[in-house]
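Novice: So the protein sequences, as listed, match chains A and B. Take 1 as the starting number for the first sequence in UniProt numbering and just add one per residue. Take 1 as the starting number for the second sequence in UniProt numbering and just add one per residue.
Derived by calculation from the structure, the hints in this document are not laboratory data. Note that the coordinates shown come from a computational prediction; the quantities given were computed from them, not determined experimentally. Please note that a few of the clues may not be correct.
[Stated by the list, open to error] Listed next, the stretches of chain B that the computed footprint assigns to chain A, with coverage defined by at least 3 CB atoms under 8 Å from CB atoms of chain A:
id, stretch
1, 122-128
2, 192-203
3, 213-220
[Said to hold, decoys possible] BS3-like mimics (lysine-lysine), calculated; alpha carbons at most 30 Å apart, straight line:
id, chain 1, residue 1, chain 2, residue 2
4, B, Lys313, A, Lys396
5, B, Lys137, A, Lys374
6, A, Lys363, B, Lys396
7, B, Lys363, A, Lys137
8, B, Lys363, A, Lys396
9, A, Lys99, B, Lys237
10, B, Lys270, A, Lys396
11, B, Lys270, B, Lys363
12, B, Lys99, A, Lys123
13, B, Lys286, B, Lys237
14, B, Lys396, A, Lys137
15, A, Lys363, B, Lys417
16, A, Lys396, A, Lys374
17, A, Lys396, A, Lys417
18, A, Lys417, B, Lys309
19, A, Lys309, A, Lys279
20, B, Lys309, B, Lys283
21, A, Lys396, B, Lys99
22, B, Lys137, B, Lys374
23, B, Lys270, A, Lys363
24, B, Lys123, A, Lys99
25, A, Lys137, A, Lys270
26, B, Lys313, B, Lys428
27, A, Lys123, B, Lys374
28, B, Lys270, A, Lys428
29, B, Lys428, A, Lys428
The beta-carbon is built from N, C-alpha and C at its ideal position, and this holds for glycine as well.
There are 2 protein chains.
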Amino acid sequence: MLERCIGERRLRQIQRGVQNMKLTFLCLLLTLLVLRGTIGAGKYGTPQQDFIELRQRFISHPHRALAEQNQPEPKPKKSDKDDEPPLRSLNDPYSLGPKISDWDSQRADWIHRHPERPNFLTKTKPRVLLVTGSSPKPCENPVGDHYLLKSIKNKIDYCRVHNIEIFYNMALLDAEMAGFWAKLPLIRALLLAHPEVEFLWWMDSDAMFTDMAFELPWERYAPYNLVMHGWDEMVYKDKNWIGLNTGSFLLRNCQWSLDLLDAWAPMGPKGPVRTEAGKILTKTLKDRPVFEADDQSAMVYLLVTQKEKWANKVYLESAYYLHGYWGILVDRYEEMIENYHPGLGDHRWPLVTHFVGCKPCGKFGDYPVERCLKQMDRAFNFGDNQILQMYGFTHKSLASRRVRRVRNETSNPLEVKDELGLLHPDFKAVQHHAS
Amino acid sequence: MLERCIGERRLRQIQRGVQNMKLTFLCLLLTLLVLRGTIGAGKYGTPQQDFIELRQRFISHPHRALAEQNQPEPKPKKSDKDDEPPLRSLNDPYSLGPKISDWDSQRADWIHRHPERPNFLTKTKPRVLLVTGSSPKPCENPVGDHYLLKSIKNKIDYCRVHNIEIFYNMALLDAEMAGFWAKLPLIRALLLAHPEVEFLWWMDSDAMFTDMAFELPWERYAPYNLVMHGWDEMVYKDKNWIGLNTGSFLLRNCQWSLDLLDAWAPMGPKGPVRTEAGKILTKTLKDRPVFEADDQSAMVYLLVTQKEKWANKVYLESAYYLHGYWGILVDRYEEMIENYHPGLGDHRWPLVTHFVGCKPCGKFGDYPVERCLKQMDRAFNFGDNQILQMYGFTHKSLASRRVRRVRNETSNPLEVKDELGLLHPDFKAVQHHAS
């Protein structure tokens with residue numbers, strides 16, 4: 001009928017005009033979406049931020065594991081699919097490797113035959129290997145690799161000052177034990193290959209050293225084989241899944257530790273095993289959200305359910321921040337600088353600031369990306385200032401990459417006082433001692 | 001007239017239709033451009049590749065310096081502008097710091113007073129500090145930071161095996177000496193702060209270790225203070241700007257070295273000094289393109305014009321690849337694996353593969369990005385395989401991130417033969433010797 005009013009030709013013209021306008025509108029919409037994805041949307045928030053704010057309402061506790069869990073699994077490429085291991089069934093026990101029962105004597109024997117590779121560098125200081133790592137793939141978030149780089153530089157600095165060696169892992173040794181469980185096969189392999197190492201110190205890639213002067217109290221740990229930051233009460237009494245933290249811990253190289261790894265591993269294999277184990281953990285542990293089994297919850301579960309077997313050799317350290325949750329530390333750095341000094345390691349000057357839940361490498365963490373990145377820069381600079389002061393420099397502010405001179409140059413550099421004692425620290429002196 | 005034929009209303013409709021189509025077309029074009037910029041254009045090439053191929057026709061030599069030069073200077077932000085140093089005029093001499101003339105005796109004195117910090121770890125092995133670094137800013141190319149991360153892991157591995165300490169720099173100590181010149185103030189500061197260090201080994205961030213078993217022939221260098229890869233003839237006779245390479249060199253901690261740094265530095269300060277110096281270098285050195293003064297050309301110039309002063313303490317090493325230009329090495333890795341073994345350090349199994357000109361951190365290098373990244377992955381894996389074999393693993397191929405087991409596990413790990421001798425190498429044994 002419309003046709004009869006305005007004529008066939010005009011109708012076609014109108015229809016074409018409408019189609020053009022639809023096409024134009026779709027096209028503009030597409031352009032806007034692409035632009036927004038590429039450059040963000042400034043003060044209106046980014047898609048990531050919207051999602052995080054929504055999820056914040058569901059999550060009551062910040063935690064590393066959930067952020068990892070919420071990372072959307074990238075679709076496997078064709079070549080990856082060939083390597084995906086068949087999912088282990090619930091009644092098919094997992095093993096980290098052939099059972100070893102005499103590691104203490106194998107190792108003691110080896111150490112005896114190799115006095116040139118002592119497991120103690122001084123009477124009290126053990127040989128320590130700090131182990132950390134990240135994925136062999138570039139981060140999904142482009143800036144994530146930059147923070148991994150800053151993080152390893154930070155660890156290199158602390159370890160150089162404290163005479164600790166570093167192993168940076170980028171290989172997935174066992175495809176079944178992917179994600180947070182990947183550290184177990186790695187730790188076992190390193191302990192067995194390096195009998196000269198007395199303590200293996202695992203540290204997450206999102207944890208940074210913020211006290212360059214603090215030396216661990218090794219003597220305190222002489223009776224123990226596993227040291228983690230945590231509280232006895234929160235673990236053994238409350239069964240709280242964050243009663244301890246496996247983002248930074250010490251593990252002695254001995255039979256007990258191999259046995260612990262074997263007892264710890266079973267909840268790890270990807271698939272129904274990890275999923276079902278997760279349900280048990282949520283059911284048993286206080287405040288634990290629903291998600292697949294993570295190594296930290298599994299450790300709490302292990303200590304709680306087999307306390308008589310393990311607890312006497314486990315030290316839950318809370319006197320200093322072997323792991324320090326970033327949320328309660330980062331806003332206080334200026335106050336710390338004002339009132340305290342490096343070497344304390346605790347709430348006054350934390351040894352480690354651990355950015356649990358930030359996940360800068362992935363697309364989604366538990367916190368707004370900007371908050372995380374800004375605070376990671378501040379923590380990095382807070383630690384870096386302690387290194388730079390050795391050379392007479394400091395960052396212009398905790399937010400700034402730029403540095404400025406704080407000490408006049410001199411033609412007698414060796415007379416300059418080593419303020420923090422980091423240039424030539426006692427814990428780095430070569431000791432000539434009888435083996 | 002058209003109006004009279006088809007009617008005013010129809011004309012307007014046609015006009016609107018045409019306008020819509022123009023808008024649609026513009027919109028589609030914009031969308032295509034944005035998409036192309038975001039995801040690339042596959043086999044049709046990317047804007048970067050087009051530019052690089054154009055430039056390839058102008059550039060006859062691959063080189064690190066020119067790639068750095070061609071990096072478009074990012075526009076300074078408002079806050080940066082305050083810190084831009086005033087450009088030094090040609091008659092205003094630059095200084096790295098207060099003149100020191102008695103460093104040998106200051107240092108000898110200090111070493112004598114600190115026997116617990118020997119500058120030699122054994123009779124022949126000096127205490128070495130490997131120095132490298134990168135910008136404190138995230139890379140312009142998002143994947144660049146991932147390669148910096150792989151590169152530092154690679155260095156951590158070599159240095160752990162060879163008992164060498166690492167300093168990773170991310171601070172610009174002197175804004176005038178930005179870019180490739182930044183290493184000079186850094187090296188001076190480190191030498192003066194660490195008298196216990198006998199040799200400082202500078203290594204570029206784009207250089208990777210590909211022979212994990214090769215120990216430097218320290219005894220060969222006893223009479224020298226500066227060791228660089230290069231050829232006497234190409235430097236002293238041909239004055240060729242690539243007759244030596246400053247991407248990987250050794251500098252002894254002594255008065256001579258401080259004097260060398262002072263003599264090397266003057267061409268470095270940003271602005272007219274660096275520009276004019278560049279012209280002199282292009283005029284004097286063989287094959288050097290036109291660009292501002294770089295540290296490598298300046299070193300050739302220094303050695304050539306002041307040969308009698310410096311040459312007797314400079315060793316130009318060509319017996320192994322202290323620096324190995326990647327272009328002639330990377331396609332031969334499979335052949336090397338077939339015919340040779342680690343520990344040779346030379347063309348058969350290069351110590352260092354140096355990706356000069358690739359510039360993965362910036363937007364433009366001298367070579368197609370894909371070629372560079374692919375080869376950097378291969379070089380990384382080639383080196384990493386030598387580390388992984390200690391633990392019974394290897395990469396599935398030189399192109400693959402994934403690893404596979406190559407040695408059965410055992411309950412007697414200490415009886416396994418240490419094939420490459422990297423687990424417990426001689427050059428890592430603790431020596432109990434009289435100081």
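Novice: Check whether the Cα positions of Lys396 of chain A and Lys417 of chain A lie no farther apart than 30 Å.
Specialist: 22 Å, holds
Novice: Taking only the CA atoms, is the gap from Lys363 of chain B to Lys396 of chain A under or equal to 30 Å?
Specialist: 28 Å, holds
Novice: Need the status of pair Lys363 of chain A, Lys396 of chain B: alpha-carbon distance at most 30 Å?
Specialist: 28 Å, holds
Novice: Please work out if Lys286 of chain B and Lys237 of chain B have their alpha carbons no farther apart than 30 Å.
Specialist: Distance of about 10 Å is within 30 Å: holds.
Novice: What's the verdict on Lys309 of chain B and Lys283 of chain B, does the C-alpha distance respect the 30 Å limit or exceed it?
Specialist: With a Cα-Cα distance of about 22 Å, the restraint between Lys309 of chain B and Lys283 of chain B holds, given a limit of 30 Å.
Novice: Holds or violated: Lys270 of chain B and Lys428 of chain A, Cα atoms, limit 30 Å.
Specialist: 39 Å, violated
Novice: So if I understand the rule, the pair passes when the alpha-carbon distance is 30 Å or less; does Lys396 of chain B with Lys137 of chain A pass?
Specialist: 15 Å, holds
Novice: Decide if the proposed pair is consistent with the structure: Lys99 of chain A and Lys237 of chain B, CA atoms, cutoff 30 Å inclusive.
Specialist: 65 Å, violated
Novice: At least three residues with a C-beta closer than 8 Å to a C-beta of chain A: is that true for the stretch 192-203 of chain B?
Specialist: holds (count 5)
Novice: Checking one constraint from the list: CA of Lys363 of chain A to CA of Lys417 of chain B, max 30 Å. Satisfied?
Specialist: Violated, at about 43 Å.
Novice: Holds or violated: Lys270 of chain B with Lys363 of chain B, Cα cutoff 30 Å?
Specialist: Roughly 22 Å separates the two Cα atoms, so the pair holds.
Novice: Examine the stretch 213-220 of chain B for residues whose CB is less than 8 Å from any CB of chain A, and state whether their number is three or more.
Specialist: violated (count 0)
The earlier numbered hints that this structure contradicts are 1, 3, 4, 9, 12, 15, 18, 23, 24, 27, 28.
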